[in-house]
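Top line first, the protein sequences correspond to chains A and B.
If you use the working numbering, the first sequence closes out at 58, no skipped numbers anywhere.
If you use the working numbering, the second sequence closes out at 372, no skipped numbers anywhere.
Because the hints were derived from the structure by calculation, they are not lab data.
By construction, the Cβ of each residue, glycine as well, lies at the ideal position given by its N, Cα and C atoms.
Some hints could be false.
[As the list claims (entries may be wrong)] Subject to a maximum C-alpha distance of 25 Å in a straight line, what follows is the list of computed DSS-like cross-link-like pairs (lysine-lysine): (1) A/Lys28 - B/Lys266; (2) B/Lys128 - B/Lys52; (3) B/Lys266 - B/Lys256; (4) B/Lys52 - A/Lys5; (5) B/Lys266 - B/Lys52; (6) B/Lys52 - B/Lys256; (7) A/Lys7 - A/Lys28; (8) A/Lys23 - A/Lys7; (9) A/Lys28 - B/Lys360; (10) B/Lys52 - A/Lys28; (11) B/Lys52 - A/Lys23; (12) A/Lys5 - A/Lys23; (13) B/Lys360 - B/Lys266; (14) A/Lys23 - B/Lys360; (15) B/Lys52 - B/Lys150; (16) A/Lys23 - B/Lys266; (17) B/Lys128 - B/Lys150; (18) A/Lys5 - A/Lys28.
[As the list claims (entries may be wrong)] Here are the in silico distance ranges between beta carbons for each label pair: (19) B/Arg160 - A/Ala49: 39 to 45 Å; (20) A/Gly15 - B/Asn207: 48 to 54 Å; (21) B/Val159 - A/Thr51: 39 to 45 Å; (22) A/Ala49 - B/Gly273: 44 to 50 Å; (23) A/Ile33 - B/Asp58: 26 to 32 Å; (24) A/Ile33 - B/Ser32: 33 to 39 Å.
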Amino acid sequence: MDYSKGKYYNDPITGELAGIEIKDGGFKHSIPINEEDRHYAEILRQVDAGTITIEDAD
Amino acid sequence: MTKARTNASASPAVGRNMIINGAMNVAQRATSVTGLGANASSLNIPTIDRWKTLLLGDGAGRFTMSQTSDGPNGISANCLKIDCTTADTSIATGERFDIFQLLEGQNVQRIGKGVAGAQQVTVSFYVKASGAFTFGLELFDNTNNRQITKLFNTTTDWVRHEIVFPADVDDGSSPLADSNASALQVGFWLHAGSTYTSGTLNTAAWNNYVNANRAAGIDSIYSSTDNNFFLTGVQLEVGPVATEFEQEDISTTLTKCQRYFQILAKHGLGSSGGNAMVGMAAMYNDTYLTCPLRFPVQMRTHGTLTSGSATGIFRFYRNNSNDVFDDFSTSSARTNYGIEVSNSTDMSGTAGHGGFIETKDAAAVLTIDAEL
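So here's chain B without its partners, still in its complex pose (with noise of 0.2 Å):
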């Protein structure tokens, strides 16, 4: 017997959240980073993966960052905290936080943007804050420019948000990019000045962007030092429903966050809680040191790989004895998939002798970073 062949769901019972680690409860960088705010630390992801700040302005106002573990119950045990350490009640024009996600646009092909046929999408999230608040949620097509916002109110309770953004079917020349690019952007206002602020929110319908009417009727989370703002349970969805938050094993999150981001050795997480496996090596002549790592999972593009750096933190063990080092660079054969990592600046060895490489010191840390 054959059984004829169904078109798959937009939006299926498993995989149908766009969204990256949703739950907040992957954090591979770190749990908790204080003193953010100024522009230096804008366009990273302090904590929680795939969750990244964009801080313009240099304003006075500064935050602690953190994965906190003060969920809803039957949602996640996790959320994202912002907490307010520094006020800034004198706004400037070009300040700016906000927290987003970027996609790529080969994973949210099924909206169907910017074409006939586009389907509506919505975005629930669980969000509280230490009071009545104020915030806005974006979305923006990073392929065309184009962008939408709602506003949101926060309570001292947790409350599950349930947004609908209309579909976009633009002129018809505007689907976003199939790639591997950052095309659709996720991300919560919480701060903005004027340039930002100054128009009417563009709040109906997509538009090419206008700043002044991107984050109009927001409050700001830098109004007080008492402010405290949660999230977590972020769904991106196909179609005007919000289903229940969809729940995920960590191993399968884990994997998805290691596509943009990956730890290839920490000081501090070997068993005993101390020296950590690098991986195998060998000295290609007698100062060149070579370790071929293979990724665990393949990344999105050949990333940036960082080292700690400083006085014989890493150590490779040959021949019975050992040397150290002060940290890797890399060659030029990179890929997704796997990368060479070496130093020929601090070795006096014998070419041939394997080993394999630890790392010795709390400052040694290998990782490398594909995010968009």
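Same shape as in the complex, but just chain A (with noise of 0.2 Å):
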């Protein structure tokens, strides 16, 4: 997964922050803002160490 291509997303009926969503090869992943899941917490690992950065929601 590469984690460089994430972009936050909003619930789209209560317009809270819902996840990251990343596309790559071929697949969606919908990533909890739960710092318990391990795609999570490596994204802020990454971002942390300034070699990602998440683009804000629509």
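Two chains, two separate frames, one set of hints: put the complex together.
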């Protein structure tokens, strides 16, 4: 999964932040805002390291 | 008559193996994946459930990882196989390839590690290879960054190794975290550069980790494309004795694995070998298709939903007609017991219409991942 393609997205009904979405290699990944999730934890690590940035939600 | 209550054994007759899927019987994702070895495929679980690969250094070595029906008779029909497909004989300092399983802290409290009364543990496993190699078996305490490694040898025949690790009383202040986070790691080192091999193997007692002391003395699975490595019957138990490998029925093992990963739908799993049911669904408004799914097993945490994504690979049957769409997303209403999957980008329907969703194409798959 290429975390550099990440983009925040909102719940279309409530407008609340729902997660980070990544489209990569024929898949769409919906990553929760949850530090217990390994993908979200890795994204936080790479953002903190300055390796990637996550695009804001539309 | 009342009976005196006794303490449960630290290593009970059933459930003594803290490794999940040690018999390599469950492979929900795939049974074989080729071309692994680049950093990009690191920290994945390519094939057999719960067995993760760590690949660092971007070396030349590549391998195929598979679930292979070549296990030792009477132990398991299946084993994990690593087949080197591209050699790497010029090992850069930071290269690394190991296969490991992460264990939740709440599942390893019986060890009592890091406090007074800590227990020894024994790891047993069946291994063979294409020849004589020396590889490393490491226990790593992820709560306190402490580790210990023992070397083992392979032959071309199945051999059971029974390796006892000392108790880690430490200074009494470093127990394994009692949570759903990763606390203990059981790993097999198959390749490493000098970053991990240039010191003296830390093999006698647990110590705060020093990378150079983690894999000193191991051979490389990448030394030749003739190399294969086979592993099964992995067991971690409390105490200084390796008991016989604990057999487990497939439904129990699958249920344990589903705490970390589940296939919610996959084209080809339908009874006719094609369309597979996703679930009941409804149009919330004219563009928002919602489908709540309840997991068969409560997961470790709120996980990542992965949907196949391609033109028209899912189909919503409703009102004597159907609509196709490309993929699923999920709302903020996700829990560890269920999830709402949805599509709000491809649909044009009628609010209130109910129906059901099926896969339509081989690319249609829907999974949830709460791995450590």
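Tested hints:
no. : hint                           : in the structure
1   : A/Lys28 - B/Lys266             : holds, 15 Å
2   : B/Lys128 - B/Lys52             : holds, 19 Å
3   : B/Lys266 - B/Lys256            : holds, 20 Å
4   : B/Lys52 - A/Lys5               : holds, 23 Å
5   : B/Lys266 - B/Lys52             : holds, 22 Å
6   : B/Lys52 - B/Lys256             : holds, 16 Å
7   : A/Lys7 - A/Lys28               : holds, 11 Å
8   : A/Lys23 - A/Lys7               : holds, 9 Å
9   : A/Lys28 - B/Lys360             : holds, 17 Å
10  : B/Lys52 - A/Lys28              : holds, 22 Å
11  : B/Lys52 - A/Lys23              : holds, 23 Å
12  : A/Lys5 - A/Lys23               : holds, 7 Å
13  : B/Lys360 - B/Lys266            : holds, 10 Å
14  : A/Lys23 - B/Lys360             : holds, 20 Å
15  : B/Lys52 - B/Lys150             : holds, 20 Å
16  : A/Lys23 - B/Lys266             : holds, 19 Å
17  : B/Lys128 - B/Lys150            : holds, 17 Å
18  : A/Lys5 - A/Lys28               : holds, 11 Å
19  : B/Arg160 - A/Ala49: 39 to 45 Å : holds, 43 Å
20  : A/Gly15 - B/Asn207: 48 to 54 Å : holds, 51 Å
21  : B/Val159 - A/Thr51: 39 to 45 Å : holds, 43 Å
22  : A/Ala49 - B/Gly273: 44 to 50 Å : holds, 46 Å
23  : A/Ile33 - B/Asp58: 26 to 32 Å  : holds, 31 Å
24  : A/Ile33 - B/Ser32: 33 to 39 Å  : holds, 34 Å
When the structure is compared with the earlier hints, no violation turns up for any of them.
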